[in-house]
Amino acid sequence: MAETTQDRRKERLDRGIKVRTDSVYAISHWQEMTYMLAPRLVFILGLLALPLILSFFPYWQRVISIVCIYALLAVGFDFLANHVGLVSLGGGFYVGVGAYMAALLNLKFGLPPVVTVPIATFAGGVFCTLLFLPCLPLRGVYFAIVSLMFPLLAGRVIEALDIFGGTDGLLGVESFGNPWVERYLLIGSVLVAVFVLRRLLIEDVGLVFRGVKDNDQAVKASAINITVYKALGVYFASTLGCLGGACLTHIYMWAGLSQFALDYSIIPIAATVVGGGGTLIGSVLGCLILVPISEMLRDFGTLRIAVYALILTAFIVYKSEGLMNYGARKYEQFERWVRI
Amino acid sequence: MFEARGLMVFYENMLALNNVSVACGADQIIGVFGANSAGKSTLMYTLSGIMLDIQKKEEMAGGERITMRGEIIYNGRDMMRLKPSERAKAGIVLCPERRRIFPESTVLENLMIGAYLADSRRTAQTLEYVFTIFAPLKRLSKRLGGFLSGGEQQMLAIGRALMAQPKQLLLDEPLLGLSPVVQYLLVKSIKEIRDQRNTAIIVSEQYARPVMPIIDYGYILENGASVVAGTNRELMDNPDVRSAYFGS
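These protein sequence lines map, in sequence, to chains Y and A.
Just so we're aligned: the first sequence equals residues 0 to 339 in numbering that gives the first Met the number 0.
Just so we're aligned: the second sequence equals residues 0 to 247 in numbering that gives the first Met the number 0.
Since the hints were derived computationally from the structure, they do not count as laboratory data.
We treat Cβ as the ideally placed atom computed from N, Cα and C, and that holds for glycine.
It is possible that some hints are incorrect.
In silico DSBU-like cross-links for lysine-lysine, where the CA-CA straight-line distance does not exceed 30 Å [stated by the list, open to error]:
#1 K55(A) <-> K82(A)
#2 K318(Y) <-> K55(A)
#3 K56(A) <-> K318(Y)
#4 K88(A) <-> K187(A)
#5 K166(A) <-> K137(A)
#6 K318(Y) <-> K82(A)
#7 K166(A) <-> K82(A)
#8 K187(A) <-> K137(A)
#9 K166(A) <-> K88(A)
#10 K88(A) <-> K190(A)
#11 K56(A) <-> K212(Y)
#12 K329(Y) <-> K56(A)
#13 K141(A) <-> K166(A)
#14 K9(Y) <-> K318(Y)
#15 K55(A) <-> K17(Y)
#16 K82(A) <-> K190(A)
#17 K318(Y) <-> K212(Y)
#18 K9(Y) <-> K82(A)
#19 K56(A) <-> K9(Y)
#20 K55(A) <-> K9(Y)
#21 K88(A) <-> K141(A)
#22 K56(A) <-> K17(Y)
#23 K55(A) <-> K329(Y)
#24 K137(A) <-> K88(A)
#25 K212(Y) <-> K55(A)
Away from chain Y, derived, C-beta distances all over 12 Å, residues of chain A [claimed, not checked]:
#26 D52
#27 S119
#28 A134
#29 R138
#30 S148
#31 L175
Please model the complete structure; the sequences and the hints are all you need to start from.
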């Protein structure tokens, strides 16, 4: 009997090496070790090598730093949205808080960047978390709306009260001095953020985070205070954003209202969609693709947004799993036709 | 005559339905019984076409690959590739598991959504019929669907399916989580619907006892395969079926 397409189906199976790597073989044979380490090493070494590769293009080295700032925000967004269940549009607020805090510490107290960046990062995270506390009982789109209000509000408040330099912003902030410090501080932060959060998610606390996302009532019924965990999630995300903001201030030697811009809220979402939600590394990958495209389209002005919208729509419609999930599946599984 | 032949459904590499054939005559009530994960809902989704929808969603999200095979024939017409909406137009209407009513619409609105396909004369007539067989709904017609009790919600779900003028009604676990009294009333209504509306019905249930008296023919599913089939007399006389599905 002739075999028709109806008699066959495509089967998806884990690769043998993946199955072996999941077990004890992972530490006993170089093939399995390579299989496990190769993707991680490509990511880590690739990111570390980028500024060296681009050392003849100083402009693009600066772009890599900006990519890293967006990547920090995107990792925070991905973590919060896909593992804690809070869709936060507050990226602009985190950056603004970090930026103003670092600038004020530098200008008013004369502290060097090596002190201002850590303080702005961690104190900024606490500050953002405290402001977000009243909104934490909200879920889904309501939390998204309220979190979007923060960056809009902060800019208007500074403008209206004319504090912190008002519309002019804070000028004359000290720079990092050595540009290599700036580049590798940011790249190192992205790597630490990704791998610490990935580790955190497979610990017990990560289980609770995912529980809060899936069914917060069941988590409450297990005698766990979900507000504490949501606040912890917001703290991680806002800390990453504040770190990005503090670095941004020292890179541009200036803190101003544009650091509350909605770009910092929106681009991380686009990057997460492109890279693959829930993977953390995927959102870094998304930033590596989207931010340089955005730089190349700078000549077209606001038409950038239209291009962004197109890319985002195409990904949502045709590949809503994102690059990283797709790549991981191809790396771990193979497909073949089998007869039914 | 509604007939499915050799249905096979794969969720990725898992075989959810294995060569299942079901037939339902124009005035019959067919029972499909089986434990959790036996494939009852998969069968209902495949028959109603919802599975095509699930398949597409999974494919877009890069999730499980669902493979379907077999044929579904309704009055001589091949239904396998038709969308759920087109099947509903042809008269095959699913009343889904766990009711899926619209909780923020009133009872009347819920019913009117179901009447999308019918003209106004038939809508008015069917509405009256639904209020006759499910009398509590008339009293509650202004109340939001989410505020109804489980039994009332199930009546509403069946009523909504009736509004679409089904010729072949698919009821997926209509008795799930209801008290014996309500179960008894619903089973009586299901039989009435068949007798008074000339509607063929396929009903799936986990626990066979309440439904068994009204069915003309029944299938027992186990691990996705149809292991026993027969008239209700034959099924009740089968010792394996008795011990597994009647608890005695």
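Here's how the hints hold up against the structure:
Taking the CA atoms of K55(A) and K82(A), the gap is about 11 Å. The hint holds against a cut of 30 Å. Between K318(Y) and K55(A), the direct Cα distance comes to roughly 12 Å. Compliance with the 30 Å bound is thereby established for this hinted pair. Under the criterion of a C-alpha separation no larger than 30 Å, the hint pairing K56(A) with K318(Y) is consistent with the structure, at around 11 Å. A C-alpha spacing of about 27 Å is found between K88(A) and K187(A), which places the hinted pair at or below 30 Å, so the restraint holds.
Note on K166(A) and K137(A): the hinted pairing holds, with a Cα-Cα distance of about 24 Å set against a maximum of 30 Å. Of the supplied pair hints, the one linking K318(Y) and K82(A) holds, its CA atoms being roughly 23 Å apart against a limit of 30 Å. Taking the CA atoms of K166(A) and K82(A), the gap is about 17 Å. The hint holds against a cut of 30 Å. The hinted pair formed by K187(A) and K137(A) meets the criterion: a straight-line CA distance of about 18 Å does not exceed 30 Å.
A distance of roughly 10 Å separates the Cα atoms of K166(A) and K88(A); the hinted pair therefore holds under the 30 Å criterion. Distance hint between K88(A) and K190(A) is fulfilled; the C-alpha atoms sit about 23 Å from each other, no more than 30 Å. The hinted pair formed by K56(A) and K212(Y) meets the criterion: a straight-line CA distance of about 21 Å does not exceed 30 Å. About 20 Å separates the Cα atoms of K329(Y) and K56(A), which keeps this hinted pair within 30 Å; it holds.
For the proposed pair K141(A) and K166(A), the alpha carbon gap of about 28 Å is at most 30 Å, so the pair holds. With a C-alpha separation of about 19 Å, the suggested pair K9(Y) and K318(Y) falls inside the 30 Å cut-off, and the hint holds. Annotation: proposed proximity of K55(A) to K17(Y) holds, straight-line Cα distance about 28 Å (limit 30 Å). With a CA separation close to 28 Å, the supplied pair K82(A) and K190(A) stays within the 30 Å bound.
Our distance criterion of 30 Å between C-alpha atoms is met by K318(Y) and K212(Y), whose separation comes to about 23 Å. Distance restraint check for K9(Y) and K82(A): the Cα-Cα separation of roughly 23 Å lies within the 30 Å cut-off, and the hinted pair is therefore satisfied. The suggested pairing of K56(A) with K9(Y) holds, with an alpha-carbon distance near 18 Å, which does not exceed 30 Å. A C-alpha spacing of about 16 Å is found between K55(A) and K9(Y), which places the hinted pair at or below 30 Å, so the restraint holds.
Taking the CA atoms of K88(A) and K141(A), the gap is about 28 Å. The hint holds against a cut of 30 Å. About 27 Å separates the Cα atoms of K56(A) and K17(Y), which keeps this hinted pair within 30 Å; it holds. The straight-line distance between the Cα atoms of K55(A) and K329(Y) is roughly 20 Å, inside the 30 Å bound, and the hint therefore holds. The hinted pair formed by K137(A) and K88(A) meets the criterion: a straight-line CA distance of about 27 Å does not exceed 30 Å.
Of the pairs offered as hints, the one joining K212(Y) and K55(A) holds, with about 25 Å between alpha carbons and a cut-off of 30 Å not exceeded. Here D52(A) stays apart from chain Y, with its beta-carbon at least about 15 Å from theirs, past the 12 Å limit. At roughly 37 Å from the closest C-beta of chain Y, the C-beta of S119(A) stays outside 12 Å, upholding its exclusion from the interface. For A134(A), the shortest C-beta to C-beta distance to chain Y comes to about 34 Å, beyond the 12 Å cut-off, and the non-interface label holds.
The non-interface label for R138(A) is consistent with chain Y: the shortest C-beta to C-beta separation is roughly 31 Å, beyond 12 Å. Taking the minimum C-beta to C-beta distance to chain Y, about 21 Å, the non-interface status of S148(A) holds against the 12 Å cut. Residue-level check passed: L175(A) sits 20 Å from the nearest beta carbon of chain Y, beyond 12 Å.
When held up to the earlier numbered hints, the structure conflicts with none and fits them all.
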